[in-house]
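Protein chains: 4
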Amino acid sequence: MLYFENDYCEGAHEVILQKLLETNMEKLPGYGADRYSASAKEKIRTALDCPDADIFFLVGGTQTNAVVIGSLLRRYEGVLCASTGHIASHEAGAIEYTGHKVLPLPHEDGKVSAEAVKNYLETFYGDGNHEHMVFPGMLYISHPTEYGTLYTREELAALSAVCRQFAIPLYLDGARLGYALACPSSDVTLPDIARFTDVFYIGGTKAGALCGEAVVFPRKAPAHFLTMVKQQGALLAKGRLLGVQFDTLFTKDLYRRICKNAIDTAARLKEALLEKGYRLLLDSPTNQIFLILDNQKMEELGQWVKFSFWEAYDETHTVVRLATSWATRMCDVEELIRRL
Amino acid sequence: MLYFENDYCEGAHEVILQKLLETNMEKLPGYGADRYSASAKEKIRTALDCPDADIFFLVGGTQTNAVVIGSLLRRYEGVLCASTGHIASHEAGAIEYTGHKVLPLPHEDGKVSAEAVKNYLETFYGDGNHEHMVFPGMLYISHPTEYGTLYTREELAALSAVCRQFAIPLYLDGARLGYALACPSSDVTLPDIARFTDVFYIGGTKAGALCGEAVVFPRKAPAHFLTMVKQQGALLAKGRLLGVQFDTLFTKDLYRRICKNAIDTAARLKEALLEKGYRLLLDSPTNQIFLILDNQKMEELGQWVKFSFWEAYDETHTVVRLATSWATRMCDVEELIRRL
Amino acid sequence: MLYFENDYCEGAHEVILQKLLETNMEKLPGYGADRYSASAKEKIRTALDCPDADIFFLVGGTQTNAVVIGSLLRRYEGVLCASTGHIASHEAGAIEYTGHKVLPLPHEDGKVSAEAVKNYLETFYGDGNHEHMVFPGMLYISHPTEYGTLYTREELAALSAVCRQFAIPLYLDGARLGYALACPSSDVTLPDIARFTDVFYIGGTKAGALCGEAVVFPRKAPAHFLTMVKQQGALLAKGRLLGVQFDTLFTKDLYRRICKNAIDTAARLKEALLEKGYRLLLDSPTNQIFLILDNQKMEELGQWVKFSFWEAYDETHTVVRLATSWATRMCDVEELIRRL
Amino acid sequence: MLYFENDYCEGAHEVILQKLLETNMEKLPGYGADRYSASAKEKIRTALDCPDADIFFLVGGTQTNAVVIGSLLRRYEGVLCASTGHIASHEAGAIEYTGHKVLPLPHEDGKVSAEAVKNYLETFYGDGNHEHMVFPGMLYISHPTEYGTLYTREELAALSAVCRQFAIPLYLDGARLGYALACPSSDVTLPDIARFTDVFYIGGTKAGALCGEAVVFPRKAPAHFLTMVKQQGALLAKGRLLGVQFDTLFTKDLYRRICKNAIDTAARLKEALLEKGYRLLLDSPTNQIFLILDNQKMEELGQWVKFSFWEAYDETHTVVRLATSWATRMCDVEELIRRL
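Here the protein sequences line up with chains R, B, X and E, keeping their order.
Residue numbers for the first sequence follow our numbering, so the first one is 3 and each next one is one higher.
Residue numbers for the second sequence follow our numbering, so the first one is 3 and each next one is one higher.
Residue numbers for the third sequence follow our numbering, so the first one is 3 and each next one is one higher.
Residue numbers for the fourth sequence follow our numbering, so the first one is 3 and each next one is one higher.
None of these hints come from the bench; they were simulated from the model.
The structure presented is a predicted model; accordingly, all values stated were derived computationally and were not measured.
Certain hints may be false.
Repeated chains share a single entry, so a pair holds when one copy, or any two copies, can fit it.
[Said to hold, decoys possible] Below, simulated EDC-like cross-link-like pairs (lysine to aspartate or glutamate); rule was C-alpha separation at most 20 Å, straight line:
| hint | residue 1 | residue 2 |
| --- | --- | --- |
| 1 | Lys-262 | Asp-316 |
| 2 | Lys-308 | Asp-129 |
| 3 | Lys-120 | Asp-316 |
| 4 | Lys-299 | Glu-24 |
| 5 | Lys-21 | Asp-51 |
| 6 | Lys-222 | Glu-44 |
| 7 | Lys-29 | Glu-7 |
| 8 | Lys-29 | Glu-337 |
| 9 | Lys-120 | Glu-317 |
| 10 | Lys-278 | Asp-111 |
| 11 | Lys-120 | Glu-313 |
| 12 | Lys-254 | Asp-111 |
| 13 | Lys-308 | Glu-28 |
| 14 | Lys-222 | Asp-334 |
| 15 | Lys-222 | Asp-56 |
| 16 | Lys-262 | Glu-313 |
Build the full structure now, drawing on both the sequences and the hints.
Now the structure itself:
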């Protein structure tokens, strides 16, 4: 069986595990006050070109979204988000559980446009009844999006400008940020993201770590953010587990190097798929490939390759997702291609 | 510097790390559906003598408390708890964040009595205005308590009987459960706990794991518990990280064996302290020792041994806590004793 | 100035005020335990042909929606609702404040179809990832809808059948229910509503009362509903204020009689508008009329008649709403018509 | 039967009802934008000597507490309160439902001291672990307290000083404020309260109104308070109902005059009770009298006079409460005294 089901089916990159082993018996303070966490933060600040960034390590993605959004919004505010956004659909209502509405925006292949955001905000403030409605208090985008698509630097700049005009924070969900940064066709850098957003996270879980997401406030975290993390049950006692992992990922460019593997293997696979006449739902430059398959073909492939169901396409076709990752071996891609 | 500050300042037991290394590149399904999680659950069921138990692995203690309590309570209910209970004081209001009140009970050295619980419940239902009050919907106890004390089997049986009489679940916080079970003076076994409670957790973080708590419903979990875990941001993508750790802890009696080390080292230390005339706040049979120190003495000791501040005792004395753990070396205890 | 802005700009029907005056100095128990509340409930049960209905009086509409929905949903569930539904747009996120997501459905003139509901539910349960999503736990409809449209008996029966098939409650927001019931073209009766829904409310605020909505559980209220009402700050100390009002509304058919006035005046107005060549957004049989006006015409009319802005229609036209009510005088309608 | 059960068993003062009748058919804007609300606010500002106060009218007491506290606290904060405070015990967990903990303080006859508050705050900030605890974000006091006792001006000034030192708002629950102000032994005026607190409410429900509490922010309301009121389902559509009532209460000193009746009748009753050898639980200067009765005596009295059960005193005695109100007739008091 070949595995292209998702990008989190292996453990961690072996350098990370080695480092966990090496540091294992050191006696370190808890809750993120250890020296590996400090070192990791310093390295990330350097990578961001953002010496004053406030950084926190959390365990998982839904948790991070709920903590960040729940901490930044005022209680009468909701969060703007593409209707396909992860928080809008696949987080079991974690945002609403914190009391906030997810305000859906139209999208194109998972991306929202500055125009759509501006239009929403102007319509809202132009409505005489808006005091009876949920205030749009934040913009959430994902990069890459849930469809593997990417914002350009210009698009990010435009989104940032609208958010600043209306004084709402721009939050970027970077669960797969490494795969965006490793994409040769993308002109967006880590310092760009730090400049354009008010908060974002650098995903570890899907990019080589056992777990862990690095939340970055390029300027300033909200007061008592740590207490809010604890209040949502998201403060890890042995913060070293996250600190050591991110310290390793940001040493010798490991994060970028291992993410590039996902892009290279995905590019090879896409090229071959198109050559063989397969139809893609959309053109994603990152590590996720959305194939439109005849249902019978899907059955056949399912015998020997693992992928994920994405959505029904029509009565006789289905969209499936193949994902590569930091751990995908090119030889497995070649075997897949041979047998397609 | 000698370290007796807490029981979570090292990483994980080396057998656990080895197992993580060994299984690292296996491709496994996420969210706890992997075979190591399945195997761990099976081994725990055997240890509990409870073949039908529903078991879930969560990451940390406050998270577990918030998820379990927030999932079991009806929305008009609160949770009864010793006023010194962890959820009442040191979890940043995580329970209230889920909308539920913590209802404080009187305690003795951290323990609540069946009488106190019964008295609360009878007074509540006897009050003609109780429809205007928070319903007591659950009892939370910790074992060991925050003061390192233990319930006897008889006491647990009595608490369980009151809870069943009033049809409220009994929840046992086992953050340090391993240390309770390893205590020679205790007559409470793991099967006892499964029999007397409705839900409890077996703590991993403080007993040899990098992270992880095993939530056990000896009879039946609430419907869609997994969704509620996700809704609170507590569902780990790479569930294998928890599965492998608990699978290892419950193989060849590792959990009990490593916890015993904490008890043995603590016992040696307590004996020596008493011999040398130190005063203990209370007699804790587990791995936490509460010393009453003259403030000057505390300063002196603080130069070469790490402990935690517990509470002010009087104007000139302070209570400090020394903790041993699965990782404490007897030679460090002996050195500490020599220099006291 | 003529007033057609909304249906809550006067106080109460004078018979209600008289009754409040008459009963004012009687010493009565609080919190709804008074005899007027009891009598009102009995009369409503008779009108519903539903002798076992559980009935509660609340103060306002948004409050009622938040209390009912927040009390019936399990914590991992959301409420299905037309994307134009009041709870989805104009209640300041009151539902999300209770932790629950509003799940938007497609609609036609404010109405949802049994097909749309069934399709949502089947797609949800057919999705292999649905444990990571918000469970659809309830259907909310309004009757009349926010667009003044009405369900037929057959449509209600079909919605009810889908809800029962999937075991989710059907909740009908009856803020303007009196105006639906008084509509000659409607075949839906109060007993029909009690039969097809699991909970609904009979609106008082917009139909002759100073305030007040009667929540009806035709079969059985959730346990401790009163406590949940209190928990959301919705329990009125002087419940008599609501009891006396509903007792009066359901005496000598007052509710139906005064609501009929709104329908008669609206019908006359609509007829005249169409005659004079005005364009309606849609055909509403109830007390709300949605006019498409040229923006300049809107300005002119705004000098001497009050209406509400509804939404922009296009660059040069606007939709405005004219509402009649229990208190609208036919002479004012005739004057309006004369001057149009 | 004589009624001394509570102070909300009648309707409204007749002048209020007359005014509701007079203004009933005026067409007025909703949600508090009517001219009676405006006029009432202006009169209250004058009475407070506080021309810039922001004032909002809400319907009931628990609702007001939940809205005010839930709007002012940051999400990681709780509210300090006497352990006997209404929000701590008799509001069905309405505060916790908004996600905030009630932090209990020691009290004397329902009053908290500046020392106790200061001690709590100093201990909290002195605790090295306070980032893991609920931040004390507000002080709640009631005046009169739940035991009918009153703060002196000096005590209020001291509480205010501590709150300002630690930059937390002081909130005064004035459900029965009229009875405090009418008390000859009290040196606290309405302008004092506006000066010492950051927010308080003037209770209408228990002092002559059908319903209604006037929330006063002497300096400035939080931004978008109206939206938060709506979000908690507390925004009344026909705001005139509250506006007219408070406009009347603050016309010709009605509020103070009718409250004085409660104090006069209570004073006469207390005097007579003491003369006849009855034992009081404490000396309350306001309209609530707490009697310690032999249980048999309680049974006898219960045959012909209504009072409320307060709490068990010992095995053979019970504390009961007798309350007078704006509506209590001196002739009923005299009859009660005669038959005691």
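Structure-based check of all given hints:
1. Lys-262 - Asp-316: Neither. Shortest intra-copy (34 Å) and inter-copy (48 Å) distances fail the 20 Å Cα cut-off.
2. Lys-308 - Asp-129: between (49 Å within a copy, 17 Å between copies)
3. Lys-120 - Asp-316: Classified as between: cross-chain Cα gap 18 Å, same-chain 34 Å, threshold 20 Å.
4. Lys-299 - Glu-24: neither (48 Å within a copy, 36 Å between copies)
5. Lys-21 - Asp-51: neither (25 Å within a copy, 38 Å between copies)
6. Lys-222 - Glu-44: Close inside one copy (15 Å), not across copies (42 Å); limit 20 Å.
7. Lys-29 - Glu-7: Between copies, since 10 Å is at most 20 Å while 38 Å is not.
8. Lys-29 - Glu-337: Between copies, since 17 Å is at most 20 Å while 46 Å is not.
9. Lys-120 - Glu-317: between (37 Å within a copy, 18 Å between copies)
10. Lys-278 - Asp-111: Neither way: Lys-278 and Asp-111 sit 24 Å apart in one copy and 47 Å across, limit 20 Å.
11. Lys-120 - Glu-313: between (30 Å within a copy, 18 Å between copies)
12. Lys-254 - Asp-111: Neither: 34 Å inside a copy, 52 Å across copies.
13. Lys-308 - Glu-28: between (40 Å within a copy, 14 Å between copies)
14. Lys-222 - Asp-334: neither (44 Å within a copy, 42 Å between copies)
15. Lys-222 - Asp-56: This pair counts as within: shortest intra-copy Cα distance 6 Å, inter-copy 32 Å.
16. Lys-262 - Glu-313: neither (28 Å within a copy, 49 Å between copies)
Checked against the numbered hints given earlier, this structure breaks hints 1, 4, 5, 10, 12, 14, 16; the rest are met.
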